[in-house]
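Given chain S, work out where chain U should sit, using these hints.
Top to bottom, those sequences are chains S and U.
Residues in the first sequence are numbered consecutively from 1, following our numbering.
Residues in the second sequence are numbered consecutively from 1001, following our numbering.
Do not take every clue at face value.
Claimed, not checked - Okay, the calculated bits of chain S under chain U, using three or more residues with CB under 8 Å as the criterion:
hint, stretch
1, 3 to 17
2, 34 to 41
3, 45 to 51
4, 113 to 120
As the list claims (entries may be wrong) - Facing chain S, a subset of chain U residues (Cβ under 7 Å, in silico):
hint, residue
5, R1034
6, N1037
7, S1070
8, S1071
9, W1100
In case anyone wonders, no lab produced these hints; they're calculated from the structure.
Note that the structure is a prediction, hence the values are computed from the model and not measured.
Cβ coordinates follow ideal geometry from the N, Cα and C atoms, glycine included.
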Amino acid sequence: MGPELELRVTSDWTEMGRVNQAVSDFLAGCGLPTEDVDKYTMVVCELVENGIKYGHFNQEKDAVSVRVWIAGRTISVLVTNPVGNYSRTYLSELDRTIQWVRGFQAPFEAYIARMKAISREPLETDKSGLGLVRITYEGRAMLDFYLDENDTLSVSAISNLE
Amino acid sequence: MGKVQTFTNNQLTIDIAEEERTITVHFLGKSILRDPNDFVMPILLRTLGEAIPARKRIVMNFRDLSYMNSSTLTPVIKILERARVGEGQITVEYRKSLKWQDISFSALVIFQTPDGRIVIEGTD
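Next up, chain S with everything else stripped away, as it sits in the complex:
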């Protein structure tokens, strides 16, 4: 069993600073080069941001759970959070985006296509949809998700260390 990090993150956005630092420190402590630390910190933070934005938190115990582990030359990230009716649109978008990215020969092409689409959107539109595409392009990660019978969403990102 390789090194592993587990975090519990409340739905308070100010938690993102702590997550960013904790993941960065963990990856640096694993001896990863700076560029990998930056890359996978981004992967984790983008997924946690989505968890906080689109999760459903109505009880004290509800939180975003983060697990990062390295096994051999593979780094895995699993972000889990409760979802509710409010999250349905996001779940559809998540599914559609993952399928859409897989339709490109290279993640870079998807990233460029998404940037072009954003550039044509009205200035006041604040939703970018760029985070998931960035994870596959910049993080070179395979994305997947699973929704269980208790309405708990698990999003995974798996990447090979170069």
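Relative to chain S, chain U alone:
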């Protein structure tokens, strides 16, 4: 050096320095904002609105940014496009030796214009 205006939100600081021919928008720290559209966009829009009539070039300097979430890139993309189809002049400066900056910002080259109004520039 002209007057510097400083805007801070969470771990992100944006310094705006106006000079004779340029307005520099200097990003420092980490951008982990939930809604960069509420903080970054008004700053960039106002800067673009001032730069165009004064025929000044905006220099967006990201070299001292240590982390940026994807939401922060959205206002940057929209301002670049607005300048591209209009009369704005923008140079995006990033640190090429930082891998994440090179990957994120070099892709903005799609907004570069042949007449040099929009320039994406990675340097060490």
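We went through each hint and held it up to the structure:
Against chain U, the stretch 3 to 17 of chain S contributes 4 residues with a C-beta closer than 8 Å to a partner C-beta. That satisfies the three-residue criterion, and the hint holds. Counting residues of the stretch 34 to 41 of chain S whose CB falls under 8 Å from any CB of chain U gives 5; the rule of at least 3 is met. Counting residues of the stretch 45 to 51 of chain S whose beta-carbon sits less than 8 Å from any beta-carbon of chain U gives 3, enough to reach three: the coverage restraint holds. For the stretch 113 to 120 of chain S, the stated coverage by chain U holds: 5 residues have a C-beta nearer than 8 Å to a C-beta of that chain, and at least 3 were required.
Interface hint at U:R1034: satisfied, since its Cβ lies 5 Å from the closest Cβ of chain S, which is below the 7 Å cut-off. Checking U:N1037 against chain S: minimum C-beta separation of about 4 Å stays under 7 Å; hint holds. Hint status for U:S1070 relative to chain S: holds, with the closest Cβ pair at about 4 Å, below 7 Å. With a least beta-carbon distance of about 6 Å to chain S, the hint placing U:S1071 at the interface is held under the 7 Å criterion.
Taken as an interface hint, U:W1100 checks out: its beta carbon lies about 4 Å from the nearest beta carbon of chain S, inside 7 Å.
Violated hints for the displayed structure: none, as all numbered hints are satisfied.
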